[in-house]
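> Spelled out from the first residue to the last, the chains are:
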Amino acid sequence: MININLYNFACSLNKKHWLILLFTFFRISTIFSTPLSLSDSAIYYYESKQFESAAKAYEKIILQGRESWQLHYNLGNAYFKADALGKAIYHYEKARKFNPSQPDLLNNLRIADSKMQDKMEIRENFLEREIRLGIIHFFSLTTWAWLSILGLALCLGFFFLFRVTAKHTLKKIFFWSSFTFSIAFASCLLFGFNALKEKKSHNLGVIITNNVNLYNAPRSEEKKNFQLHEGTRVKIIAQDNDWINIQLQNSNEGWIKITEVGVY
Amino acid sequence: MAKKENRKLSKLWQTMLLLLLCIPIHFLGQTFTAALNRKTVPVGDVFQISFTINTNASNFKAPDFRDFDVYSGPNQSSQMSVINGQMSQSISLSYYLAAKKEGKFTIGSASITAGGKTLQSNPVTIEVTKGNQSTQSQTQNNTQNDPGLKNEYSSSGGGDDIFIRTFVTKQKCFLGEQLVLTQKVYSRHQLKGFNNFKASSTNGFWSKEEDRNKQITLNSENLDGINYYVAEFSKTFLFPQRAGTLEIGPVELEAIVVIQSKKKPKNFWDQFFGGGGYEDQVHKLKGKSVKITVNPLPEKDKPADFSGAVGNFTFKAELDRDHVKENEAINLKISVNGKGNINLIDKPKINFPEEFETYDPKVNENITIGNTINGSKTYEYLLIPRKKGKYNINNYSFSYFDPEKKMYVTIAAPELQIQVDAGAAGSAGSASVFVPTNEIAESENDIRFIKKGDLMLREADTEFFNSAAHYAILGGIVLLFGGGMLLRYKIISDNKDQVAVKERKAARMARKKLTHAERFMKEQNKEKFYEEIMVALNSYLSNKLNIPPSDLNRESIKSKLTERNSSAATIENVLKTIDNCEYARFAPGAVSDNLNEMYQSTIELIAIIEEGKEKKA
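Chains A and B are the protein sequences, given in the same order. This note's numbering puts the first sequence at residues 1 to 264. This note's numbering puts the second sequence at residues 265 to 881.
Since the hints were made in silico from the structure, they are not lab data. These figures come from a predicted structure and were not determined experimentally. Check each hint, because a few of them may be wrong.
The list that follows gives simulated cross-link-like pairs (lysine-lysine, BS3-like), each with its CA atoms no further than 25 Å apart [stated by the list, open to error]:
no.	chain 1	residue 1	chain 2	residue 2
1	A	K81	B	K548
2	A	K97	B	K716
3	B	K651	A	K171
4	B	K754	A	K49
5	B	K760	A	K97
6	A	K199	B	K715
7	A	K167	B	K715
8	A	K60	B	K716
9	A	K115	B	K760
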């Protein structure tokens, strides 16, 4: 009955109605996809080497409240090409929060890092952190979630079989399988939570403007006698309104204005 | 009347005394005169005025020289002479003056105190004609190697017998223009040597002094009719570094001259050996300071690539090779030749192609110091082309300011062409020059391209992990598991119940069956009786001992009963009863016909087993 009604309805529509329908459909569908204009214009700007305009277009997308690792990766590229090294590194790191082991991203970040002006030993202090990150970022967060589900299912399933089976050898196999998968399940959850904590932590930053003054206190007096170059990595210790207390890799500390650093 | 006459007389005497006193001194033998060495002089020319007194005097006051520049003075000299047996001495003080402008001028009297009296010299007039720079320098300057000099006289300790003359090639020049500062000593007596040379201060100049250790040559010059011994003791090349008025400070020197000794030899021996009446005289001399006006270089028409070179130069550029392979080194030599401030020239700005690796050039200076500073400065650039192609190095030039022509000169260098062929495979990085590793890395990879596809944007902070869905699925699995376990438990326990129920009911069911057997017994239906007993017993044992009927046999019964810890006797009885029943059924004659006995023993057996169970329970 319903089918017939639909058919009649469809027949009754004229061209104009169809056009309106199609148009509405497309308008609705764009809600669920990337805003076409901004992304495409950014690609156009990037390909025609107008890197600052490309960066502006990508920033507009961020202002709309939606992000992804691809977006930050593209932004990082645009800033890198536009010689804004600090902002490039900042966005690469933001992208890394979303997708920690993406190879293109890691490659570009390495290149940006090597262009850094302060040739401080970037990797030394943070080595154990890098190892830990290597482990918890081996899979993406979603993968950890699914693996944990699988692990639990297998653990309980094997346990059930263990209880049900009478035969001794099978019982042994099932018991130890269940035990192994319980460990696997626990590990997946552990790594996942660690990765989540990393993602949610915002205690690292990159200097995004050049020749930033460092102060002894969250005030504009008491300037320290050296400046920071853009692209320098810092640890965030504290915040006081629009001042941030940072620690450098050589353990020097100081306060800078929040606008000078990108926290990721 | 006499007193009045007395007063008149004393007044007369006083007047006469006064008149006497008014008589000029020279009537009493003291003379103080002024004399010029020239009566006519051009503007700027230096002449001498001397004041002579023929006795010891003090407190000399010079007249006003307002129309004249005083170049030196007062220079004191004394003379003693014996004329016709009469000894006379005179002391003269002289000044060197130059007139500021044309006209007839009178120089007033000087005054001096001698013998308690103040004496005045005679005024003198001098006629000043129109000056002429060249004639002035010609009359005053006989040296051939310093044309067009402006010179100054010195104040010295030796009067006009010895003084320093300071020469500068130009007193008005441009910033960076080369000047030569020459210092000469003029002496009427033979010069023996110099001591304690203190160079002029040359603030604001970059200076290079000629080596003073070389031999100082003595020349002779005639100035104003007087012959002098002349020694040039210092020559400095100066390049003013800032515009404005700069001052070259006075030079200081001790000069030793040899003069005829005024002392009579003490004895015969002194006269013979004692240097023949000559002795050394040391004069401390101080030159005059010179003011130099330094004009800044004109801003108009200043070329963009002007880097401070002032003088006269040539400019050359040459490559050692112009056809190379990738990563082979090329030497570019740029040379600047000429005179001027070569030392201070900066390296030229050359735009090398991007594909060339360049390093800071090696700089070579070759300067000779003669009458001027000239020489050459070369810059050697090392270039390494990294990519094949045809390259031009052009658009570079050298600009300098010529102070003689007072204009900027730009010399454009010729365009250099370099042909670079492809290198051998794998030759990248085989250049013999060490390149820092991070630069190699940069040239090997650039950043990877942007992601052009769907950016897969999501609201920030939406993660599946730790989300409601994640926990929902996990919870679901746990529930599934729990449900499974529960089900199993229920099934088992259900089974267990069944067994227990069966067990409990076993005796009752057996009794029921036995009732039937009893009936058959009464009817004396042997067959049916034994059958019923059998069934009753079997079903009882099956239910009681939880043995499925198919598994019901002597062994299973035996093992189950043993499990229940029934006594051996009971077990035997049970088995005997079963056997009897079977015999009775299948071999009716073999067993006794006492049905009642069978009946009773079966009931007993069941009772014992029941009891046994209760005992254990």
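> Given the hint that K651(B) pairs with K171(A), test it: the Cα-Cα distance must not exceed 25 Å.
violated, 71 Å
> Between the alpha carbons of K97(A) and K716(B), is the straight-line distance 25 Å or under?
Given that 25 Å is the threshold and the Cα spacing comes to 20 Å, the pair holds.
> Hinted pair, alpha-carbon criterion (25 Å max): K754(B), K49(A). Please report holds or violated.
violated, 73 Å
> Compare the distance between the alpha carbons of K167(A) and K715(B) with 25 Å, and conclude whether the hinted pair is satisfied.
violated, 56 Å
> Between K115(A) and K760(B), does the CA-CA distance stay at or below 25 Å?
Answer violated: K115(A) to K760(B) is near 77 Å, above 25 Å.
> Hey, K199(A) versus K715(B), does the alpha-carbon distance stay inside 25 Å?
The hint holds at about 22 Å.
> Under the criterion that the straight-line Cα-Cα distance not exceed 25 Å, is the pair K81(A), K548(B) satisfied?
violated, 73 Å
> Keeping to a limit of 25 Å between CA atoms, is the pair of K760(B) and K97(A) held or broken?
Violated. K760(B) to K97(A) sits at ~58 Å, over the 25 Å cutoff.
> Hint check: K60(A) vs K716(B), CA-CA at most 25 Å. Holds or violated?
holds, 17 Å
Hints 1, 3, 4, 5, 7 and 9, counting from the list given before, are not met by this structure.
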